[in-house]
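Undergrad: Residue strings, one per chain:
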Amino acid sequence: MSGRLRAGGAGAAAATAWGLLEPVDQRLLRCDYSDIAVLGKAVTRGLHWRLSGFVLHAANGAIFGPAFDEIRRRLRTDPRRPAVTLPLAQHLTLYPLCYFIDRYHPARGELGVPPLLRNPRAFAQATWRHALFGTVLGRLAS
Amino acid sequence: MLIDARNVQRSKWPNLRDEELVERAHAWAERNGKRIVLVFDGKAPGGVVGTTEPDEQTMLVGTGRESADDWLIREAPRYPGAWLVTSDRALRAAASGQAERVIGGGGFLRELER
Chain A
1 MSGRLRAGGA GAAAATAWGL LEPVDQRLLR CDYSDIAVLG KAVTRGLHWR
51 LSGFVLHAAN GAIFGPAFDE IRRRLRTDPR RPAVTLPLAQ HLTLYPLCYF
101 IDRYHPARGE LGVPPLLRNP RAFAQATWRH ALFGTVLGRL AS
Chain B
1 MLIDARNVQR SKWPNLRDEE LVERAHAWAE RNGKRIVLVF DGKAPGGVVG
51 TTEPDEQTML VGTGRESADD WLIREAPRYP GAWLVTSDRA LRAAASGQAE
101 RVIGGGGFLR ELER
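Protein chains in written order, with my numbering: chain A, 1 to 142; chain B, 1 to 114.
So here's chain A without its partners, still in its complex pose (with noise of 0.2 Å):
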């Protein structure tokens, strides 16, 4: 398999992870933020939200997933850190475009779709899922 295909693969499962385990942080936070409802229900607000979420999801991870892959190849160290430290970066940077999911997200206000943007249960949430990813990452696609 290339490690592109793989690396792709890696980010899908790692991103599906993310999704099963987002109830773990939601109850030990409290805070009903949940990125699966955050897409699936900006597409959606049938039945299917939740599987459209996680499709939605998976697909993010898979591209990011080579992008990783061609990253690590250049900086030539421990896969395990960038794959940490990039999905980190990301989360800091695209931090503040919740203002706009806050601002006209469809289901704002719905279980799982809660102001983002000055809530920092939602910000630790978030922290966590991404270094989360990138641990799921970093160990599937090395």
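Calculated directly from the structure, the hints in this document are not laboratory data.
None of these values were measured; they are calculated from a predicted model.
Cβ coordinates follow ideal geometry from the N, Cα and C atoms, glycine included.
Each hint should be verified, as a subset may be incorrect.
Stated by the list, open to error - Some chain B residues judged to face chain A by a derived CB distance under 10 Å, without partners named:
(1) N7
(2) W13
(3) R17
(4) D18
(5) I73
(6) T86
(7) A90
Stated by the list, open to error - Taking beta-carbon pairs under 7 Å as the criterion, some of the chain B residues facing chain A (in silico):
(8) D88
(9) R89
(10) G105
Using the hints, position chain B against chain A.
TA: This is chain B only, laid out in the frame that chain A set:
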């Protein structure tokens, strides 16, 4: 005024507590001479499933197993000229035909805080 209560509560972080929303909405209704129907998914404050009217201006609805969205879509035609409060675009699309005016959850909360 028909209010999607959970949606309004989640329009702010930290989320507004059930009792706090009821108090503030009641005070607002008194000030403005409006009648409010607060619709909660599951149980309304006090463990209410079904409807209760704690005073002349307030009706609390706990929808039990039915979603508040479904309740609002079904019941909205019984309140002609009512305003609908929600930021949920699907609910707005389904019920706004019956509502005279639609207000977002966050906008309504700011109104309550004035």
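Undergrad: Determine for every hint whether it applies to the structure shown.
TA: Verification of the supplied hints:
Annotation: interface hint on B/N7 holds; nearest CB of chain A at approximately 4 Å, less than 10 Å. Against a cut-off of 10 Å between C-beta atoms, the interface hint on B/W13 holds, since the closest Cβ of chain A lies about 4 Å away. Interface hint at B/R17: violated, since its Cβ lies 13 Å from the closest Cβ of chain A, which is beyond the 10 Å cut-off. Checking B/D18 against chain A: minimum C-beta separation of about 15 Å lies over 10 Å; hint violated.
A least Cβ separation of about 12 Å between B/I73 and chain A goes past the 10 Å threshold, and the interface hint is therefore violated. The interface hint given for B/T86 is met, as the beta carbon of that residue sits about 7 Å from the closest beta carbon of chain A, less than 10 Å. With a cut of 10 Å, the hint placing B/A90 at the interface with chain A holds, because the nearest CB-to-CB distance is about 4 Å. Annotation: B/D88 was flagged as interfacial toward chain A, and the flag holds, the nearest CB pair being 5 Å apart, inside 7 Å.
The interface hint given for B/R89 holds, since its Cβ lies 4 Å from the closest Cβ of chain A, which is under the 7 Å cut-off. For B/G105, the interface hint holds, since its Cβ comes within 7 Å of a Cβ in chain A; the closest pair sits about 5 Å apart.
Comparing the model with each numbered hint stated earlier shows that hints 3, 4 and 5 do not hold.
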